[in-house]
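J.: If you read the sequences in order, they're chains A and B.
First residue of the first sequence: 1, per our numbering; consecutive thereafter.
First residue of the second sequence: 1001, per our numbering; consecutive thereafter.
These are computed hints drawn from the structure, not numbers from a lab.
Mimicking EDC-like on lysine to aspartate or glutamate, the simulated pairs with C-alpha atoms at most 20 Å apart in a straight line are:
1. K203/A x D1108/B
2. K131/A x D1070/B
3. K206/A x E1076/B
4. K1111/B x E1155/B
5. K162/A x E184/A
6. K126/A x D1070/B
7. K63/A x D165/A
8. K203/A x E1096/B
Predicted, not measured: the structure shown is a model, and the values here were computed from it.
Chain residues, written in single-letter form:
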Amino acid sequence: MTLEALVAIIAGALVSGSLYALMASGLSLVWGTVRMFNFAHGALVMVGAYSAWYVSNRGGIAKALQPIGKSIVASSEDSGALGSLLLPLGEWILSIKGGFGLALGVPFAILCCGLVGYIMYVLLVKPFVGKPGADLIVIITTIAGASFMQNGVQVIFGPRYKQLDRILKGPPLQILETAIGLQEVLIIILTPLTLFLLHLFLKHSKLGLAIRAVAQNDDFAHLVGINVSQIYPLTFVVSSILAGLCGVMLGGLFFILPTMGAQELLFAFVVVVFGGLGSLPGTIVGAYVIGFIRESSAYIIDLYWAPVVLFATLIIVLIFRPRGLMGGEDS
Amino acid sequence: MLFQVEGLVSGYGKIDVVRSLSLHVDEGEHVGLFGPNGHGKTTLLRTVSGLIPAKAGKVRFRGEDISNLDARLIVERGLIHVPQGNQLFPQMTVQENLTLGAYVRRSDSRKASNFEKVFALFPRLQERRAQQARTLSGGERQMLSIGVGLMGMPELLLLDEPSVGLAPLIKEELARAIAEIAATGVSMIVVDQDVELLLGICDRLYLIEKGAVSLETADVSQVDQAEILEMYFGKVT
Ligand SMILES: Nc1ncnc2c1ncn2[C@@H]1O[C@H](COP(=O)(O)OP(=O)(O)OP(=O)(O)O)[C@@H](O)[C@H]1O
Ligand SMILES: [Mg+2]
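So here's chain A without its partners, still in its complex pose (with noise of 0.2 Å):
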């Protein structure tokens, strides 16, 4: 194998690697404290990708306000002393026909995954939890959950393909011959920073530690006063944020559509399964791990046969660590 090409897997599992480690994070987290196992955290991914497009992209809101704006700027032409008001508003309007730019389209999509995670969790998750077979009922719920947003999706924004603007404009970064795009450059350095963020949090806030206390023994957090019954919620907003960032990152890359995310979802499954269900380390090296065998495979054998190598390899590490390569004993 040449240099270069050892530079471009390596380069591609790092691109893979986050986006599985932000994916599985949050449905480790979430099986981890609510010991669920959330079936719609894909569609999260299209939540995500859809809501900065439709903010950031001329396509979008703005193209949306365009009308609005015409047709203000035309009534305050006749409308005398009101009109002089109205008049800025609708210029500004107009003068928006490009979108609103990333800058306000990410926090805009990671207001709406949480809010999304909020939501699916009261409508498909609370009306279960501590019920018998609650683990079974919400892979259902979720699994319609899922389809429905992404049939919402196609119904309000058409079955186009859309794509997010690069955040960073200019030719690809140079490293022994081989090209690596500034999106994926983005990439591979923002998601630790977001990883050590959610360490940060988990370790060292107030509710994120109530987070990982009810993980791991939730009789003895309502002994210490925990609301319990607001950290499972909150540990699905937290999770779907992740999702989000997720489907922010894939929409520079690659085109949106409705289905985006299910592919990642499986994967994001084998990487928490790989990782040791609920350890969030355990996790976040599966990610790698899984990203790079992933690459790998499809460079020296063949892209169709990378799935297959990557089952192949999760089943042999479970025949010798049954709960992953970091799997506790018992939790």
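Fit chain B with the ligands to the known structure of chain A by using the hints.
T.: Chain B with the ligands alone, transformed into the frame defined by chain A:
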């Protein structure tokens, strides 16, 4: 009267484990509960602290009916339950466990001074503050469990079997610590199989059988302790 249970009924599913149980604790008093295994002592404490619902009866704390209040609201009132089997947050450090003990609003602002108090009582915890709870010895875990309870600034402390499964030396150390806590004026209910340990700490004892109080002693300093022991071991064969 600080605390009063009246005709309490609770259990699991359709089965009643606590059956019309009544007892009380005066301000500053230390009360011991003992009795055979599986007769509902733990279930009583779990009902009092809001982990399982009361089916009938009342639990009053400072005159207010707290039965079936959310567990966290009961903690917020200063009624703190240190559960049986030194339950902890196993994958967290000693320090993190204690920090969580001060989760409620009433103790959050006094965290620093409470840390000092707990470490003064259990110096070993201070040495091991960065160690994960799951790696502690049985005695240390029990100390930590009680320490977490103290971080919540109890006005009534419920201790469920603090001495169970401990070697004699550790048990004595723990009994001394509990007596020290008692001496600070915190009211207490201590559940334990070791009646001698209870006699060393408590003002009064209740014998719990089949989910109800079957015997109540007068002030233990006024009665012959040997008599109590005989009474207990005579009844339970
Ligand atoms: N979660 C549960 N579900 C069903 N039954 C339970 C549960 N917990 C306890 N029990 C039953 O309730 C009864 C009383 O148990 P409890 O733990 O209150 O007794 P205890 O007096 O504390 O005993 P010990 O001295 O052994 O701690 C027992 O028969 C027990 O099997
Ligand atoms: Mg018990």
